[in-house]
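A.B. asks: Below, each chain spelled out in residue letters.
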Amino acid sequence: MADRSLPLGPYAAVFAPLPVEGRAETVRRRLGEAITLGLLPDGSMLPPESDLADRFGVATVTVREALGALRDDDLIVTRRGRGGGSFVKAPRDGGRAALLSRLSRVGLGELRDLADHYCAISGHCAALAAGRADPDDVARLRRLATARPAPDDASGIPRHEGTFHLELAATAQSARLTREEMVLQREIGPVLWLADAEAGEGWGALRQADPHGSIVEAVALGEPVTARARAEDHVRELFDAVKSLHRVARSRRRR
Amino acid sequence: MTTTTTATDVAGWVANFGARLFDQLDELGACLAESLSGEAPRRSDLDIEERCRALLADPTTPIAGAGAVMAPGVLADAAYWLEWWTVESRGGSVTIAKLAAETDPRAVGFRDYTELPWYTKPFETGGRHVTGPYVDYLCTDQYTLTFTQPLLVGGTFAGVVGLDVLVAWFEEHLLDVMEGLERGCVLVNAAGRVVTSSDPAWVTGDLVRDLPLEAWRAGADDASPHWRATPCDGLPFFVLTPR
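These protein sequences, in sequence, are chains D and E.
Here UniProt numbering is used: position 196 in the first sequence is 196, and no number is missing along the way.
Here UniProt numbering is used: position 139 in the second sequence is 139, and no number is missing along the way.
Chain E is nowhere near these chain D residues, computed Cβ spacing over 12 Å in every case: (1) Arg30; (2) Asp54; (3) Ala59; (4) Arg64; (5) Pro91; (6) Ser101; (7) His124; (8) Ser214; (9) Ala229; (10) Val248; (11) Ala249.
Simulated DEER-style distance windows between Cβ atoms: (12) E:Thr156 with D:Glu198: 45 to 53 Å; (13) E:Asp210 with D:Arg96: 47 to 55 Å; (14) E:Arg53 with D:Gly109: 46 to 54 Å.
Just so you know, these hints were derived from the structure itself, not from any lab.
For each residue, glycine too, the CB sits at the ideal point set by N, CA and C.
Kindly produce the complete structure, drawing on both the sequences and the hints.
C.D. replies: Listed below in structure tokens is the structure:
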């Protein structure tokens with residue numbers, strides 16, 4: 001049987017120590033969000049209770065309580081005996097409901113601020129990349145811009161979008177900007193990609209046909225001004241989509 | 001004060017640096033080939049932890065990451081696998097940690113390493129490769145040079161063994177050598193990207209465009225009107241000095 005134990009990697013923050021109040025509820029919310037956002041893949045095995053307790057800095061009984069709640073939420077299943085443990089059970093809607101509920105708690109001003117930040121990072125990365133990309137970098141970015149994830153692959157779109165933007169940042173040759181891109185993706189990535197996917201289905205005709213491709217072509221031509229403008233347009237479009245999704249999320253909450 | 005350092009000395013320092021790292025990789029590869037020679041090897045057979053920790057803990061080496069990256073399907077119990085250690089020094093204390101990269105292809109954080117240059121180049125050419133300088137967001141999170149070569153088990157490609165060196169370390173030490181030259185010089189990689197420069201017009205990470213890199217590789221070291229190129233033995237790098 002394939003080993004499904006969970007590598008922590010870039011998502012180690014999911015398992016970082018917690019503040020004192022409402023600890024079981026906090027463990028439940030943090031793991032629950034990671035599962036619904038697709039950070040923890042469907043079917044993967046969570047670390048043992050004692051490991052989780054160590055990582056979160058809480059008692060084992062607190063972890064047990066949180067896992068019980070996650071079972072009630074239908075986000076994990078627990079199997080007993082040899083090879084047993086708690087396994088991630090991804091929600092059937094790919095986490096849409098959970099994302100909308102999280103989005104409805106974010107203010108529009110805060111969203112605008114995030115968009116400003118992301119625009120600054122993404123635009124500047126594109127401009128620097130246009131000055132610094134070598135032919136291999138361009139080839140890699142082109143491959144990422146043209147590769148489309150399979151429609152039945154639930155985590156395919158976020159993984160694909162995230163990778164493209166990370167590679168663009170890395171092509172800028174800036175470790176700091178790349179780390180900033182990672183932080184932003186962790187904070188807002190899943191909402192951006194969901195909003196983008198839904199906007200693409202609805203009023204796709206009004207949007208740029210191939211935003212990634214057009215950024216890559218400006219980078220390939222070594223045109224920093226164009227690359228920056230296209231990357232900023234792309235981020236603005238993503239956040240326009242988030243604003244519409246935000247309206248949907250708030251109207252759902254009012255019902 | 002007279003200086004006796006020449007571009008050849010700089011190239012020699014760089015070549016020697018690379019040769020020592022590839023010696024380490026030969027040893028690491030031999031050690032792994034031995035432990036993977038059985039039927040259907042598993043992750044637990046990758047017996048290189050002690051060796052990698054020793055490489056990373058040695059304060060006289062500049063190694064920031066070390067290990068092996070397996071070709072898909074080589075291990076019986078993991079399709080993709082990075083057996084890799086990194087070292088992080090913070091405030092004088094040194095922490096060596098095993099890299100916990102996402103190796104589940106369905107997860108959001110998964111990156112298919114078989115399309116990244118430090119893997120593809122040794123796979124395609126069967127030879128040694130130096131990737132970078134590049135931002136290594138999978139492992140060190142820093143501006144990095146990665147030295148890799150094929151891991152062969154019974155003559156078959158089974159992945160790569162590799163070492164990471166932080167560009168900051170490399171640059172610091174190479175500048176000491178470069179500063180012995182009367183005029184500035186620039187070390188570039190195979191694509192013309194600046195690895196280290198004592199010429200104030202260029203800085204680490206810049207791409208020097210329109211260099212006759214092909215001609216230089218073919219041995220025509222006077223192919224540029226602006227630069228004289230000195231190759232670094234065994235590495236895809238050139239030391240450039242103004243003509």
